[in-house]
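**Q** Based on these hints, arrange chain X on the given structure of chain V.
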Amino acid sequence: MSNIEDLKLELKKNIIEVLNLEDISLEDFGDNDSLFGDGIGLDSIDALELIVMLDKDYGIRLSDPKEGKKIFESVEVMAAYIAEHRTK
Amino acid sequence: MGKYFINGIGCVSAQDTTNSEKDLFNFKELKENKVSACKPNYKDFIPPAMIRRMSAGIKMGVVASSLALKEANVKIPSAIVTGSGMGCLNDSEKFLRNIIDNDEQFLTPTAFIQSTHNTVGAQIALGLGCKAYNVTYVHDATSFETSIIDAILKLDEEEQNVLVGGVDELANHTVELHKLIGHVKEENTLEKGILNSNSKGAVYSEGAQFFVLENRKTENSYAELVDVITYDAILEEEVTSKLEAFLLANNLKTSEIDAVILGVNGDVEFDGIYQKLQDTILKEIPQVYYKHLSGEYNTASAFGMWTACKMIKNQIIPENLRLNSVEVNSIKNVLLYNQYRGKNHSFVLLKSC
Chain V
0 MSNIEDLKLE LKKNIIEVLN LEDISLEDFG DNDSLFGDGI GLDSIDALEL
50 IVMLDKDYGI RLSDPKEGKK IFESVEVMAA YIAEHRTK
Chain X
0 MGKYFINGIG CVSAQDTTNS EKDLFNFKEL KENKVSACKP NYKDFIPPAM
50 IRRMSAGIKM GVVASSLALK EANVKIPSAI VTGSGMGCLN DSEKFLRNII
100 DNDEQFLTPT AFIQSTHNTV GAQIALGLGC KAYNVTYVHD ATSFETSIID
150 AILKLDEEEQ NVLVGGVDEL ANHTVELHKL IGHVKEENTL EKGILNSNSK
200 GAVYSEGAQF FVLENRKTEN SYAELVDVIT YDAILEEEVT SKLEAFLLAN
250 NLKTSEIDAV ILGVNGDVEF DGIYQKLQDT ILKEIPQVYY KHLSGEYNTA
300 SAFGMWTACK MIKNQIIPEN LRLNSVEVNS IKNVLLYNQY RGKNHSFVLL
350 KSC
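Protein chains in written order, with numbering that gives the first Met the number 0: chain V, 0 to 87; chain X, 0 to 352.
For reference, chain V alone in the conformation it holds in the complex (with noise of 0.2 Å):
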């Protein structure tokens, strides 16, 4: 499995536990799938705690919390963002 597969998967991970989705499966949770809205549902106080998690687990700080709404479009692109800016 390569880096960024790896990382997706950490990602899925973390995000379920992080923000409770008892109800979402790593088998239903699709990389592309729409992180707020209809997809996977999450809300404003999620996107605080993806802007820490980002943060704490890889060292990016985010200046204008704006960016967040395009990095945290989905799985694919939150890993294709954090492999590129990633500090730890």
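Any given hint could turn out to be false.
Said to hold, decoys possible - Here are the computed lysine-lysine pairs in the PhoX-like style, where the Cα-Cα straight-line distance is at most 25 Å: (1) X:Lys-74 to X:Lys-2; (2) X:Lys-275 to X:Lys-216; (3) X:Lys-252 to X:Lys-275; (4) V:Lys-87 to V:Lys-69; (5) V:Lys-12 to X:Lys-2; (6) X:Lys-74 to X:Lys-216; (7) X:Lys-42 to V:Lys-12; (8) X:Lys-93 to V:Lys-55; (9) X:Lys-309 to X:Lys-2.
Stated by the list, open to error - Below, a sample of chain V positions facing chain X; criterion: calculated Cβ distance under 7 Å: (10) Asn-19; (11) Glu-21; (12) Asp-22; (13) Ile-44; (14) Glu-48; (15) Val-51; (16) Lys-55; (17) Ile-59.
Just so you know, these hints were derived from the structure itself, not from any lab.
Note that CB positions come from ideal geometry on N, CA and C, so glycine has one too.
**A** Below, chain X alone, put in the same frame as chain V:
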């Protein structure tokens, strides 16, 4: 002062109290020193999108309040009053643990938002879309009774109905601290029951009990709530006179009480306060206890009131709740007396209607 009727009740506790097929006589004494609530199927009551952030206390409160409102046929109450001694303790612990573990960095909002005492009342209101008066009282073991006092005041202000209840949840770290200071029974199992435990401390548990109070009697009415009074700190020697004064203020003599429900919790250090009453002025009155079924928590006395409602409506005192064998023909006047560790005394008077 008007009249206040209990027209709907709901209970989540260490017993299977959300199962309508079970009643008081089905419940078994708790056998461990720490017992979690018997969990209903929360998804039957709470949308999945809301449930994932809710701690046990919030979920229990939402379910108990839903059951009470449904019984009373009330969709949106005119006021919501909640009592909680410790509030949403799990999220408080989680938030504080995050501060320590992450060296005061990377703090996320969810646990903090959910950690306050008034989260339960707020989530009940959010679920109902209720924008009415919403207050939470935090007053140790009289939190529930303090809430009842406010509910009565709201009904006197001509609110139509008030949803009032008590809720407290277990949290591991806090229980461990209470074990260290001897507030939780040292022995893990209690095969002989709390009355024969002969040890200090109580069985710790959790639960939520909600009631719909209205100033009109309905065919669903369980009982009339006549009066309530609390004392934070009184001397042990004063309990008898306070009890008699409470009854006198309601034009009753002790002999006119048909059942007394006591907060006996098996703590040898403080059950003597009840025992003195049991051996003297309450000797000829049917005596009932309930904390062997509910366990102890700051709002466990709300389980006592739930028990009283069931007893009055069914006109029966189940054998598994009896402290003595005094017979009773009809249950009209019921007195509840609770205290915790010699403090937070409360008297509540209910009457059949």
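**Q** Checking hints one by one. Is Asn-19 of chain V an interface residue toward chain X, by the C-beta closer than 7 Å rule?
**A** holds (4 Å)
**Q** For the pair supplied as a hint, Lys-275 of chain X and Lys-216 of chain X, is the alpha-carbon distance within the 25 Å limit?
**A** violated (36 Å)
**Q** Taking only the CA atoms, is the gap from Lys-252 of chain X to Lys-275 of chain X under or equal to 25 Å?
**A** Distance of about 18 Å is within 25 Å: holds.
**Q** With a cut-off of 7 Å on the beta carbons, see whether Asp-22 of chain V makes it to chain X.
**A** Since the shortest Cβ distance to chain X is 6 Å, the answer is holds.
**Q** Run the distance test for Lys-42 of chain X versus Lys-12 of chain V: straight-line Cα separation, threshold 25 Å.
**A** holds (23 Å)
**Q** Report holds or violated for the interface hint on Glu-48 of chain V, using the least CB-CB distance to chain X and a cut-off of 7 Å.
**A** holds (5 Å)
**Q** Closer than 7 Å between Cβ atoms is the bar; does Ile-44 of chain V clear it against chain X? Give me holds or violated.
**A** holds (6 Å)
**Q** For the hint on Glu-21 of chain V, just tell me whether its beta-carbon gets within less than 7 Å of chain X.
**A** holds (6 Å)
**Q** Minimum Cβ distance from Ile-59 of chain V to chain X below 7 Å?
**A** At about 12 Å, which exceeds the 7 Å cut-off, the nearest Cβ of chain X leaves the hint on Ile-59 of chain V violated.
**Q** Does the structure keep Lys-87 of chain V and Lys-69 of chain V at a Cα separation of 25 Å or less?
**A** holds (22 Å)
**Q** For a C-alpha distance cap of 25 Å, please report whether Lys-93 of chain X and Lys-55 of chain V respect it.
**A** holds (17 Å)
**Q** Checking hints one by one. Is Val-51 of chain V an interface residue toward chain X, by the C-beta closer than 7 Å rule?
**A** With a closest approach of 5 Å, the Val-51 of chain V hint holds.
Hints 2, 5, 17 from the earlier list are contradicted by this structure; the remaining hints agree with it.
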